[in-house]
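Work the whole structure out from these sequences, hints included.
As they're listed, the protein sequences go chains F and P. Counting from 1, one number per residue, gives the positions in the first sequence under full-length UniProt numbering. Counting from 1, one number per residue, gives the positions in the second sequence under full-length UniProt numbering.
FYI, nobody ran anything at the bench for these hints, they're computed from the structure. All figures in this text were calculated on a predicted structure; none of them were measured in a lab. Zero decoy hints are in this set.
Note: identical chains are not told apart, hence a pair may lie in one copy or across any two.
No more than 30 Å apart at the CA atoms, straight line, and that leaves these computed lysine-lysine pairs for DSBU-like:
hint	residue 1	residue 2
1	271	390
2	220	434
3	293	131
4	362	271
5	131	164
6	450	430
7	446	434
8	30	216
9	132	330
10	131	216
11	131	220
12	276	330
13	276	362
14	430	390
15	271	330
16	430	30
Protein chains: 2
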Amino acid sequence: MGTYQRLTAEHIECLTHIVGAGYVYATAEKRLPYDRDEGADDGFARLPDAVVLPGSATEIAAIMRWANRERIPVVPRGAGTGLEAGAVVNRYGGIVLSTERLNHMIEFDAERLYAVVEPAVRTAVLQAEAKKRGLLYAGDPCSGDSCFIGGNGATNAGGNRAVKYGTTRDQIYSIEVVTPQGDITTLGGRLKKVTTGYPLEKIVIGSEGTLGIITKLTVKLLPLPPYSAHILAVFPDAATALSVVTAFSGAGIEPTCLEFMDNDCVRIVEKFLGEKQPYSDVGNYMIMQVDSKQEILLDETCLEIDACCRELGAIDVFVADADRIWRARKNFSEASGSEGPVAMEDFVVPPDCLAALLTRLKQIAADTGLSFRGVSHAGDGNLHLDVLRKELDDALWRERLSAFETQACNVVYELGGKLSGEHGIGECRKTLMKAYTDPVELELMKALKKAWDPNLILNPGKIFDVE
Amino acid sequence: MGTYQRLTAEHIECLTHIVGAGYVYATAEKRLPYDRDEGADDGFARLPDAVVLPGSATEIAAIMRWANRERIPVVPRGAGTGLEAGAVVNRYGGIVLSTERLNHMIEFDAERLYAVVEPAVRTAVLQAEAKKRGLLYAGDPCSGDSCFIGGNGATNAGGNRAVKYGTTRDQIYSIEVVTPQGDITTLGGRLKKVTTGYPLEKIVIGSEGTLGIITKLTVKLLPLPPYSAHILAVFPDAATALSVVTAFSGAGIEPTCLEFMDNDCVRIVEKFLGEKQPYSDVGNYMIMQVDSKQEILLDETCLEIDACCRELGAIDVFVADADRIWRARKNFSEASGSEGPVAMEDFVVPPDCLAALLTRLKQIAADTGLSFRGVSHAGDGNLHLDVLRKELDDALWRERLSAFETQACNVVYELGGKLSGEHGIGECRKTLMKAYTDPVELELMKALKKAWDPNLILNPGKIFDVE
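Have a look at this one:
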């Protein structure tokens, strides 16, 4: 890895010179909110040496050039809603660069169906602005109310609608980026297709702030489908519920959301919300949203879904109260956490392997003396587990969790899956990333990182360490 | 650029040792078919020093390691149906590596909706295999009958259906790749979403054989939509015809194909095929294909299209004879070429700028003493021009064409467009690529290339030269 300097009072002065007084946080009190992300009750919290809040791409570029000269690591950060400590300083130290002041909606073209936004615009704000005009911004991470669109781009955020619309990468036409060495460029274009050199935007997006700092995004908008239905299909067991995914693909049924909750989750949420959930005694849920431009098509699709689920063995299939069913789904994490500490996993496999994965993970959990609750963005094969710590002491918990994760990854990769469907690797998953990524592939990633960031200044040691 | 050796008899012997007797072509006669691609009556033809036909990824890896040791450029080649001399040896010399022996369909999973194919499977064969099973392989470059699926991946081929299904990049789950230094790895996965490090497959795809040699592809399949309609809307002028694109996006109408032919093209094709075309006296065509899972939806969409086109000012809108209308569209290139030599352009702009682009290009053509015929994958903003050479001598033709291309590119980039929508840059478009790409972006591309291919062995000097 790079050789770095510790931050001095002179450095603080330089930074102040770049961004102006009031925009460099040096006191412990001001730095404290930047020492962790939303996943970090896990030993990855760390106070940055300073926090800098630039007001423009030009200032960010100046900071990066300065950081390269001075050998100070720079950790870019959006809203800090990540879960893998990607936007938190690690053992290499350095400063946090918060994009929070770049929070303007620059352009909104309802006719040409795009918007140009700065990175600190909240995803929910963009969604609301679109909705007001009868349009849809299709990105929809679960943290939408608090996360930034720039962070969505940096992490390629997924969410409930990814099964139909893809992840954040698929919502972006182009990005303005400050490179690790402090140049500014625009990657991509407002184009439906293009083959003019390497599509670099596709790797900067999702690079977790290691290949560039996103300072502006041109995102796609869609006409808002006027008709929606929310359907709950209840199954007697998880495997049968999950078989819906393959059946739907084969039949060409394209739901906007296709979410799985196992019976444990249903019960936990029922208790947490104090709100009776249908069939909570035995039911495994498949929650679906279907959107359509035509009412007649919506009706047809709902009938198809009903028939398909019943044929697969559903206990019941019915049009659900949208607010209620999504409240249940969206409160899972909080409900689960309220029962005691958990570790969250984010495996992804081919959707047709989800049932097999779940079965084998249950066995591994039993073998390692652990248990978990599972919810899944089933439509795209992404399984979130809350592994329960219960009363285990630190040492035993770490030991068992590590054993579970290793064995779980063995199965995930055997099924053709990968470590992270949408949370990314950040600092937390580096060890597993190294263990489970083909060495040739990992070397190609490192070579790219080194080529663009020879001093390893931009978010060093995230995703992988460069030797 | 790199320092290269000329091929010797000893080198030929080494290559023969790797791939076996009969699979190294050293005579001029055997090498001749590999000296050009389908675009190359343009001064870019060049005889390779040898042609090698490996039978496996392992052999390709051995060739790349050998070539790095010996400093021999290696130009990977599929069916040679490219148009920009990307698969042809350039001034750096070296050998052509043809993938033609890797032509097996390895796996076809109709239930899980994917196929695993070697790179030299013809695209039309893959399409036909899918169709036989009621499935669709959505990639559909115009050269489908002759091109290879590996070449489609290497160039991110587009085609008529890209407006709905995206380009070849969007059809690929994962690729097995031989790296420029001769390692083998698999990039991507059969996953609906993933955020586990950099998605390197997305940049190898479309890199025109400069970042890796694709030796196996796992591609997506879809249920074949059972209902299709082919509609011809005839407009009195090009601008009105092209306004359809934005109107459709705004209305959420999603055709599978949305192709434009100006009146000149209609007349040329009518003459070439000897087959009367509707409204050929005045008509500018917008040819559409609409596919649907439900008959009722297809009918609704057709009615919507009819109303929309008429409101915009169509002379007529009617369900066309599919064979006949697509024969007209697909014979454009040959028809146009039969009238005399042409140079083909491949600009892409935001679809809502197509009309403005066409108007301005006509003016530029007039200013530079040239004329052109235009067809467009209008739905994705991709405009192909056949610029007519007529009786111009070599010097004047080059001078005028160069003046036209420069001014055309000025407009294309001003409108937010790029040089190539689907043909790529190859050897032919390097000068324009350099002139019109932001230097920071271009440096990032070069840095990536150098990092992965430090000896500049794999298809050197394509897309850009590395200083």
